[in-house]
Structures are given as structure tokens and as C-alpha cells.
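**Q** Start from the sequences, fold in the hints, and give me the full structure.
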Amino acid sequence: MRDPAWPPPAVLSGVDFNAPSIEVARALIGVGLFVDGVGGRIVETEAYDEDDPASHSHRGPSTRNGAMFGPPAHTYVYRSYGIHWCLNLVCREAGHGAGVLIRAIEPTAGLAVMRQRRGDVGDRQLCAGPGRVAQALGITGDHGALPLDHPPFELRAADTPCEVACGVRIGISKAAEQPWRFGLAGSRFVSRPFR
DNA sequence: CGTGAGATGATCT
DNA sequence: GATCATCTCACGG
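Numbering (full-length UniProt numbering), first residue to last: 1 to 195.
Just so you know, these hints were derived from the structure itself, not from any lab. Cβ atoms here follow ideal geometry from the backbone N, Cα and C, with glycine treated the same way. If a hint is listed, it holds; no wrong ones were tucked in.
Across the chosen pairs, the derived CB separations fall in these ranges:
| hint | residue 1 | residue 2 | range |
| --- | --- | --- | --- |
| 1 | 123 | 61 | 37 to 43 Å |
| 2 | 170 | 112 | 26 to 32 Å |
| 3 | 62 | 185 | 34 to 40 Å |
| 4 | 160 | 117 | 27 to 33 Å |
| 5 | 145 | 58 | 18 to 24 Å |
| 6 | 125 | 4 | 44 to 50 Å |
| 7 | 115 | 6 | 41 to 47 Å |
**A** Structure representation (C-alpha cells):
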């Protein structure tokens, strides 16, 4: 018998982080994400789940992906290609190994700090891509497995409902046909256009 | 606009 | 030893 009081609610800024990663990835579009006040609204995400060959969690818990199996509404940060950091938001009840990759943000706060971290690039390229998001927001491995409702992190609910586009994920070779990439329709801050 | 190569290191086989 | 949830720069049309 399932206890209706379990799992405990993990709703932040209108997003239910206990939901499956696909739903969370969709719900996160338009939500504000800030690290020490620097950030903007999320305009592109990708969903990953344990039943997903492309997911780091697919082969079960390990040293790297441990946070994916931890509590929802926490971060999972990993190093990509030995160079970049990438930020995920963990979802599902603890133990499921699901998360949402933050792929792009429309910068709204701390633009000067972002430019300092990112170098001399146009505003459109400040946060267009997972590695760029992490660099612009100052995210490193130290930001892994942290709760999203405590500093330095902050979420803000979307102020207006938004139209969400979806497409296949980017940069993966396994389960490459799954349409688990989501974006704010018409946004010019996404890493690649939706069709 | 496009394609392609190199950087760079942890993780997994 | 191979594979990566990437980025930047160089070059061609």
C-alpha cells in the first residue's frame, strides 16, 4: 500500500521535483535560476532517467553520479570532456537516478559578472549551452549535491506561462532519437534552434 | 551559413 | 584504451 504522504512534497517555484524527469524538464522552462544572484530564466533543458542508455545513472550509482540518486530538488554537477562543468537538477524520489540538464538560460541578472567569467562574447552566447551556463553562473564541482532552495541557489517561478518546444537531445550517441530536449519556443537564447 | 579538429581528464571496460 | 550530456577556433562556401 502506498503511503499518500510519501514521498514528501518537493515543490519549488511551482515545479514538482518528484515528477518524472521529462515532466520536470518541461516544467522548468521559464523558471528563474540564480547562483548568488547571477542567472536568468531557463530556456532549454534535457531529461535523463535511469531507464535511459544516455543517462549517467543508467548503470546504477557510482562515485560520479551519486547525487542523481540522492534527494530531488538538489544539484548534480559533473565535468564534461575534462574541461567544462554541467549542471543538472535532480528529480524523482531519492534513489531513482533521474535529472534534468540545464542547457541554456536567458541571462537577466548579473550580466557584468557573466561577461567577466565568459569573456568577450555576445549576450546571446553567455549561457547558450550547458558548459556555458555553468561558466557564466560560476558553477564548479563544489556546487554538486546542494539543495536548490538554499543559497547560493535560488529558483523563481515563471512569471508568465510559456510555449514549450521539444526535440531530440544534443551531443549523445545512445537513445539519440528520444525527443527529450525542451525549450522556450522562439527564444534566441537556446543553444540550437528547435524545428 | 557550414564542417572539422583539438583541448583535456574523469570514468568505465 | 575508448568514450564522453562540450566549446572554441579555423577554414570553406
